[in-house]
Amino acid sequence: MTVERHPIDQLFKDKLGNLEKNPPVGLMGKIDQQIAFRGKVRQMNQVKAVVGIAAAMVLIVMAGWLMQDQNQFSENKVPVQSQKEISPVQSSPLNKAVITSTPDEKLLAIQQHQATEKAVNRASKSKVSVTKRQKETTSSKEKDLLAAVPTGKGTENSLPQTNTVTKEEKKANTASNANQKKGEPIYFADTFNPNPVAKNSAKGSWRIKAELSPMFAPQITGGNSGTRSRSTVSGGMIASYQLNKKVSISTGIRYSEMKQGTHTDYTLSAKSGITYLEPVEKSANISRDVSLYLPSVSSIVYSNGMQAAATNVFASDISQDFKYLEIPVQATYKIVDSKVSVGVTGGFSTNILIGNYASITENGLKLSKGNTDNMRDVIYAGSAGIEFGYGLAKNLMLTVEPRLKQYMHSVSSNEMINFKPLQMGIFTGLTFSFE
Amino acid sequence: MLKVTHLEETIYKCWEGNSKAQTELYHLFSRKMYGVCLRYSRDSADAEDILQEGFVRVFTKIKQFEFKGSFEGWMRRIMVNTALEKFRKHDRLYPVEEMGVYESTEWVEETISSITADELIKMIQELPPRYRMVFNLYAIEGYSHMEIGAMMNISEGTSKSNLSRARLILQKKVTDNFGAEKRIEVKVI
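Chain order of the listed sequences is A and B. In this text, residue positions in the first sequence follow this note's numbering: the first is 80, and each later residue adds one. In this text, residue positions in the second sequence follow this note's numbering: the first is -1, and each later residue adds one.
Okay, chain B solo, but in the shape it has when bound:
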């Protein structure tokens, strides 16, 4: 396990633009950050772009890290913000699929345990961009709808609506692909 003091030393070296320290930092966090980027992107190439831009920002703005919290958390926020910025530039005008929901579902333990992370990533990446962003921010990052609304420049209600619809789409995918005790009914309007 990496010692905090060593991490701090590496960060300080990155302040000075030390390329070895940057490479070390990259190897320490790139796997986790790539996992984050995959969730916010539509495919692996998109995730690679976000990861690259995110690490460039980490290295160029590393002096802004004040050692007041987790460095990993700070990097994670940079990655999420980079993904959000990319979304604002490219994806915000994409049409959102309108759906009506008529019934919920119940899960089977065996079904859940059989689903791999790659399969779930694929499901998320297939979501409409705005649904994907809202679902990631709420369900995995833990932001509130108010915070999401501010970050994405949408209303709190829109955030809730997007989350609800994202859930329904994912539910449908899970039950369609891996079977569930009771199927949900989703109607595309």
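Extracted from the complex, chain A is given alone in its bound form:
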């Protein structure tokens, strides 16, 4: 069916449908110039993007370096026990010593344990006194600077723990900050505030944080057995209350685990510390690498009540898994409080044992499973970390916190065992704040 066209339409279609007209001379040159210009603009944009990314990376690295430098004191203050301090008593050789020890060797182990505890106590006391002395030094230095520096911009909250801070003291503190930059190692993190501008913090505000982290622990090896920690997961919900612009306290509930494995090339003695709750269970596809550390070895009792003979357990992988419910109480001191915040955290936690599993795997077959004897039901731990926060929204913040957790006393109640694990995690969390 042919649609009749309007005569006007037909007229214009016929006359103009295939119209050809010579364009202005030199237009192609303008087109070339415009294409070249747009290419340059595109290249410039790419260069700008690359330069921007590079600049951002440099800034991040610089900021990280500065933060590390400024937090050095606060990190040093944290009474975290180094692996070297605890290794003499908690490492694998001790356990082997316990397994096959003579009375003299046990006595030596106890003496080492007691000596270590005394050393830790002395170190703590020493740190407290040093802290006091340095605070006094800081105070006297501020007074000196007050006299020496007549003018300068004041900063707020640079001495958050002092309630009666005068303007002159603030000026002096600013000046002291400048001196500190020149390399004078004077201040602790709790008296030195490199970024006094507080933008996001609100006094009296509450925060709820959900956090999760993989947990790692130093590897322990020794003798003819290899003991190593396995990475675990820790996470929970934390509620915090903002005491002032700088300090907040928090508590909550957190789940944590401790897993270790021991590959033993020797025969365990009859007193091995694992109570087998079930008869031999064979299960394929279990790697020999599934293993862990054996903190308490005192006896082997089969589920039928029979004690194991020395020849009943051969070289094998022993796995131990301890699950804890952790109730932390910790404080956070903010060093930088802006879009990106930085704070130092520290505190203690009560850890309640809620799971105790052990198994022996031999030649890829899980032979037995049970639990570890003499585990404490409740143990305490200290933790310290650096919290980096990034404001996603008005009330929502993403946090990343590298944190160390040091158990304050042995996880085993056996006096012969002094195993105080050190764990490290990088907690990632989302914090929701409200009034």
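Simulated from the structure, these hints should not be mistaken for laboratory data. Please note that the accuracy of each hint is not assured.
Unchecked claim - Computed list of lysine to any residue pairs in SDA-like fashion (alpha-carbon distance at most 20 Å, straight line):
(1) Lys30/B / Gly108/A
(2) Lys11/B / Ile114/A
(3) Lys18/B / Lys61/B
Chain B: place on chain A using the hints.
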């Protein structure tokens, strides 16, 4: 006549930014495309702007041509789209002359044959921008009112109304300038 294979070769060279190929392509199609641009513009300077921007887009987006249809048709659509974009930026808020129509007309063959393309172009360029766009798209490009409505972000009814009024204006111009057997009556409201 240009061989298709040669055109394809030229297009492929344009992919690589070959300036000679671009110049060749420009000389091949610039006259036709300029004719298109003249219809959609208010004057020759406006048409030159559209042609320049259209060819820049052709050369920068030539890799998007998939050889599935006529290259000339593809270029033509780019020119029309460039003109539409220019219209959206600059002309869409221009007031549209409201008209009432009371009588149609009849044409005389001699009148039609005596009208030149330049004269018709001038008539189109004198139309209000929206009328000009709708008339071009419907009467010459062959788009439906639905398609025009989508392209110009107007309703189908508005497109029909604009076309009708464009026709009446053009009819009046034709009959006024070149004589017709029966004049139409157009009343400006």
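Structure-based check of each hint:
Distance check on the hinted pair: Lys30/B and Gly108/A sit about 18 Å apart at the alpha-carbon level, within 20 Å; holds. A distance of roughly 16 Å separates the Cα atoms of Lys11/B and Ile114/A; the hinted pair therefore holds under the 20 Å criterion. Between Lys18/B and Lys61/B the CA atoms are separated by roughly 17 Å; this keeps the pair inside 20 Å, and the hint holds.
Of the hints listed earlier, there is not a single one the structure fails to meet.
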